[in-house]
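Asker: Build out the structure end to end from the sequences listed, making use of the hints.
Protein chains: 2
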Amino acid sequence: MIMKKNWRTLSRRGNRCFQICMIFLIVVGMLAATVSADPLSSWNEGQTKQAIIKFVQEVTNKSSPKYVSPEQRIATFDNDGTLWAEQPIPFQGFFTFDRVKALAPQHPEWKERQPFKAILENDMKALAAAGEKGAMEIIMTTHAGMTTGEFEKIVKDWLTTAKHPRFKKPFTDLVYQPMLELLAYFRGNGFKTYIVSGGGVEFMRPWSEKVYGIPPEQVVGSSVKLKFEMRDGKPVLMRLPEIDFIDDGPGKPVGIQKFIGRRPIAAFGNSDGDLQMLQWTAAGEGPRLMLLVHHTDAEREWAYDPQSSMQRFDKALDEALRRGWTVVDMKKDWKRVFPF
Amino acid sequence: MIMKKNWRTLSRRGNRCFQICMIFLIVVGMLAATVSADPLSSWNEGQTKQAIIKFVQEVTNKSSPKYVSPEQRIATFDNDGTLWAEQPIPFQGFFTFDRVKALAPQHPEWKERQPFKAILENDMKALAAAGEKGAMEIIMTTHAGMTTGEFEKIVKDWLTTAKHPRFKKPFTDLVYQPMLELLAYFRGNGFKTYIVSGGGVEFMRPWSEKVYGIPPEQVVGSSVKLKFEMRDGKPVLMRLPEIDFIDDGPGKPVGIQKFIGRRPIAAFGNSDGDLQMLQWTAAGEGPRLMLLVHHTDAEREWAYDPQSSMQRFDKALDEALRRGWTVVDMKKDWKRVFPF
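So the protein sequences, as listed, match chains V and D.
For my numbering, add 204 to where a residue sits in the first sequence, where the first one is 1.
For my numbering, add 204 to where a residue sits in the second sequence, where the first one is 1.
It is worth saying that the hints were derived from the structure and are not from the lab.
A virtual CB, placed ideally from N, CA and C, is assigned to each residue, including glycine.
Please note that a few of the clues may not be correct.
[As the list claims (entries may be wrong)] Only pairs whose alpha carbons sit at most 30 angstroms apart, straight line, appear in this in silico DSS-like list of lysine-lysine:
#, chain 1, residue 1, chain 2, residue 2
1, V, K438, D, K258
2, D, K431, V, K431
3, D, K431, V, K414
[Stated by the list, open to error] Ranges between beta-carbon positions, derived for each pair:
#, chain 1, residue 1, chain 2, residue 2, range
4, D, Q511, V, K315, 53 to 63 angstroms
5, D, A366, V, D361, 48 to 58 angstroms
6, V, P269, D, G394, 34 to 44 angstroms
7, V, A332, D, I447, 32 to 42 angstroms
8, D, R540, V, S273, 30 to 40 angstroms
9, D, K357, V, P269, 23 to 33 angstroms
10, V, D533, D, M434, 24 to 34 angstroms
11, D, F544, V, L444, 44 to 54 angstroms
12, D, Y271, V, A332, 47 to 57 angstroms
13, V, E503, D, P269, 46 to 56 angstroms
Answerer: Next comes the structure, spelled out in structure tokens:
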């Protein structure tokens, strides 16, 4: 009753103003509803977007023959080049170089010793010449020899200061807006979203939840061996300078089985390193979505040579075209690339 | 209107009968509500039950200084002896022996070859004499050399026919009713419940969801190496006769970090093999629950000798008593042991 009286008073006092305000609010509300009705608003209309939506609608529609129960809705995503950019080199490379530079004062001998000398002098040719053995030595020096807690702090600290050389922004800003929307769209439809990446699992976990909404327990990646130890009466896990698991190529379906124990019904990648993950996903029964991001946008992001040694996308693209997997043409399919 | 008339007719026709029925229904309803109000109805009242409930209430109460946000609510459970029985030997042992017997017709040489001969003749003394090397040979023969899909089917088929020697029931009936209630109680309060067991991960995953409500992706265990292969154009994961990971003792905190990537706030075990998992859990900041099941009930289950070589519970019990961890006295604390 009191409320009714107040409304009348308000209405009498500024009747026209009130009406205009109400109409304005209604229009804004309708616009907002229209915008939020498209969960993939950064994707241009077309075959790719349609294929994604059709798949999600079918597997979630209880009366569809393609219905999949929620516990089976597992979607796995490569990280570098699929969820965030990976040029000019995968971002964990920048982290590694910065760690060598940060540790250099404690290792004066590195000034004269390869492959450390190459990094300190930004000599990429000498670094490449150090080959896989050199790379492994650098990775072990920068990624092992500390506790898991110490490494987590190193990664978090680095992310707050490091900037991408081209975009001059924190690396975690270089995530793909259309893929953020896709992750949220899948989760909103009962999917569990997993990262399955060749990158280091402990390099991704400290920020995956904040940036992608993917919790640490849903990140699968490469790892070093860990050792449980007592240090001053407190238990710690030491990171040992020894590879435990390489989650790349044929390692991806292995990682999926080890860490998830179910076959995904949707898998997302962008290179030959993702081929076996997509093959493994495709080989299951029932509806499937296999999607590959093709980097075709030199202006807003990068256009890759499919034969490039770093991010080879040759066999996977062939197989995608042959088997009718979904290929994202970044230039054509994405309205926006980055959130900024 | 029609409904109202019907009620009146009913009321007039059998007024007294109707009233008695209604009172009966209300009483039944109240009783049911009282029963369902206790999520741990198979636990006797006492310190142990109080400690569990107090912990859960504190970490879920937003106005408590001990509040823990839902994503941090990770609880890890040992399996053998903590969620299901493990006597006279851990049940995966029975599976292994049955597999040797099932495979024997294809291996006539086993009749004369240890350690297979020992199993075929039920000669436990000769089996023990084969030591760790013998045990490993048996495990690899029975747990490797097939695809992951084939192994899953073998485990599932075995479970439908195998019976426990003492209780003459399927092994999955020998789960602890109080622990099933505890799992549901924790999940109902926003916890993610994980198995962290020394047993084989692929031996547990085929039934963990149905029996415990724990999905395959929340099972951490020991494993053999896997290899991705193409077989008749179809991708398979082969189980190799090589240990990948032993999830026991100091391996448990390692497994937790590898597979979950977060420290639990509650951990449950029953032997020295769980000690490091409980130490790792206890060493985190904020409220913690460390619980050990002490097998004290020779009548309904088993009473163990803490010094027994198979399920040693010596250091862990010492540390539990010294640090005030929760110890379940099975005989005293459990109203019921098994669901049957």
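Asker: Hints first: check each against the structure and report whether it holds.
Answerer: Each hint tested on the structure:
1. V:K438 to D:K258: holds, 26 angstroms
2. D:K431 to V:K431: Holds - the C-alpha atoms of K431 of chain V and K431 of chain D are around 25 angstroms apart, at most 30 angstroms.
3. D:K431 to V:K414: This hinted pair is violated, its Cα atoms lying about 33 angstroms apart.
4. D:Q511 to V:K315: 53 to 63 angstroms: holds, 58 angstroms
5. D:A366 to V:D361: 48 to 58 angstroms: holds, 53 angstroms
6. V:P269 to D:G394: 34 to 44 angstroms: holds, 35 angstroms
7. V:A332 to D:I447: 32 to 42 angstroms: Roughly 36 angstroms apart at Cβ, these two residues keep to the hinted range, so it holds.
8. D:R540 to V:S273: 30 to 40 angstroms: Hint holds: Cβ distance 32 angstroms, inside 30 to 40 angstroms.
9. D:K357 to V:P269: 23 to 33 angstroms: Roughly 25 angstroms apart at Cβ, these two residues keep to the hinted range, so it holds.
10. V:D533 to D:M434: 24 to 34 angstroms: holds, 29 angstroms
11. D:F544 to V:L444: 44 to 54 angstroms: Cβ of F544 of chain D to Cβ of L444 of chain V: about 46 angstroms, so the range 44 to 54 angstroms holds.
12. D:Y271 to V:A332: 47 to 57 angstroms: holds, 52 angstroms
13. V:E503 to D:P269: 46 to 56 angstroms: Since the Cβ atoms of E503 of chain V and P269 of chain D sit about 53 angstroms apart, the hinted range of 46 to 56 angstroms holds.
In summary, the one numbered hint that this structure violates is 3.
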